[in-house]
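Chemist: For reference, each letter of the sequence shown is one residue, going 1 to 297 in full-length UniProt numbering.
Source of the hints: derived by calculation from the structure; they are not laboratory data.
Accuracy of the hints is not assured; some may be wrong.
[To be verified] Taking lysine-lysine pairs in the BS3-like style, the calculated list, with each CA pair at most 27 Å apart, reads:
no.	residue 1	residue 2
1	K188	K4
2	K122	K4
3	K122	K188
[What the hints assert, rightly or not] Each pair of labels, with its calculated beta carbon distance range:
no.	residue 1	residue 2	range
4	A164	A118	42 to 48 Å
5	S155	E277	33 to 39 Å
6	A118	D246	24 to 30 Å
7	G105	V242	24 to 30 Å
8	P32	Q278	39 to 45 Å
9	R65	A131	16 to 22 Å
10	R206	A244	14 to 20 Å
11	D112	G231	38 to 44 Å
12	D246	R206	17 to 23 Å
13	N104	D134	30 to 36 Å
14	S155	G28	36 to 42 Å
15	K188	E277	39 to 45 Å
16	G105	R206	18 to 24 Å
Ideal Cβ positions, reconstructed from N, Cα and C, are used throughout, including at glycine.
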Amino acid sequence: MTNKPDILCIGSVLWDIIGRTPAHMGAGADVPGRISRLPGGVAMNIAMTLVRFGLRPALLTAIGRDPEGDELIHACERMGMDTAHVYRSDDLPTDRYMAIEGGNGLVAAIADAHSLEAAGDKILRPLGNGALGDPARPWRGLIALDGNLTTALLSDIARSPLFAMADLRIAPASPGKAERLLPLLPLKNATIYVNLEEAGILCHRRFDTAPEAAEALVAAGAARVLVTNGGRTTAEATADGVIAADPRPVLVTRVTGAGDTFMAAHIAAEHRGRNREQALRDALDAAATYVSGDITT
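Throw the hints in and build the complete structure from the sequences for me.
Modeler: Below you can see the structure in the form of structure tokens.
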């Protein structure tokens, strides 16, 4: 294993097609705005932020051998990501995500990550065939894992010796997929990043605040969790207790990818040696800067 990456980003890497407008929107609205296409997906969003903080991530994902896939691979490489271990499928198309964002936040989104799900454990082969590790010498570094993988595959990861020595950082792909993380919740080498809604889904109850939700997730067996709540208080909890911080107020102009940015910035801060309180503050600042980006970005 030469030229070892700083972190593995496992999960969805796809094309984001995002329509944004400053107007408040409801069902059936038809308003002017901007439509952009850019590399996205949870694993990709995390990797892009990690690159900005000086880390070199390697991607473990499924990307089709179609023109969109070739373009996406080249975009990743130009940004400084290691794509040598990406599973390229001859018969699965490159995945896509489509979202509409208005002045009132995310209006609607559709994630077409069927190729990643169909590829299954093929994307994990480098962790077992010696490229990035094997059963006798499992990967011992950071792994960012997103919840776009199937429940069966996430359950296999929870039991796999290939992940047993890693510093696992885990996030659901969306509230609708939050329950997929349940097999990973008890892992002692895992840090789980969720928002308030996702925390409630994992605990099968509603929470009013992030500190309350973080404490409940630790009580449910999690070793370490971070719970965000939009522009309100964010919390981190372990068996040693809960810490919390408030994000700085900003004008929100985009929301897709904000949680991934927070997670990646927190990982990068800890990689630099920042303590718990400093890393939480750094992550909140990075997320605030991201969501306040220009509407045409």
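Chemist: Now tell me, hint by hint, if it's right for this structure.
Modeler: Here's how the hints hold up against the structure:
Between K188 and K4 the CA atoms are separated by roughly 24 Å; this keeps the pair inside 27 Å, and the hint holds. With a CA separation close to 20 Å, the supplied pair K122 and K4 stays within the 27 Å bound. Proposed proximity of K122 and K188 is supported: the alpha carbons are some 25 Å apart, at most 27 Å. In this structure, A164 and A118 break the distance hint of 42 to 48 Å, their C-beta atoms being roughly 27 Å apart.
Checking the proposed 33 to 39 Å range against S155 and E277 shows it holds: the Cβ atoms sit about 34 Å from each other. A hinted range of 24 to 30 Å for the beta carbons of A118 and D246 is inconsistent with their spacing of about 42 Å. The hinted range of 24 to 30 Å is satisfied by G105 and V242, whose Cβ atoms lie roughly 27 Å apart. Checking the proposed 39 to 45 Å range against P32 and Q278 shows it holds: the Cβ atoms sit about 42 Å from each other.
Roughly 20 Å separates the CB atoms of R65 and A131, a value that falls within the hinted 16 to 22 Å. Between R206 and A244 the Cβ separation comes to about 19 Å, which falls inside the hinted range of 14 to 20 Å. Distance hint check for D112 and G231: the Cβ-Cβ separation is about 30 Å, which falls outside the suggested range of 38 to 44 Å. Against the hinted window of 17 to 23 Å, the Cβ-Cβ separation of D246 and R206 comes to about 21 Å, which satisfies the hint.
Checked against the hint of 30 to 36 Å, the pair N104 and D134 fails, with Cβ atoms roughly 50 Å apart. Taking the beta carbon of each, S155 and G28 are about 40 Å apart, inside 36 to 42 Å as hinted. One distance hint, 39 to 45 Å for the beta-carbon pair K188 and E277, is violated here, with the actual separation near 23 Å. Against the hinted window of 18 to 24 Å, the Cβ-Cβ separation of G105 and R206 comes to about 20 Å, which satisfies the hint.
Going down the numbered hints, you'll see the structure goes against 4, 6, 11, 13 and 15, while the others check out.
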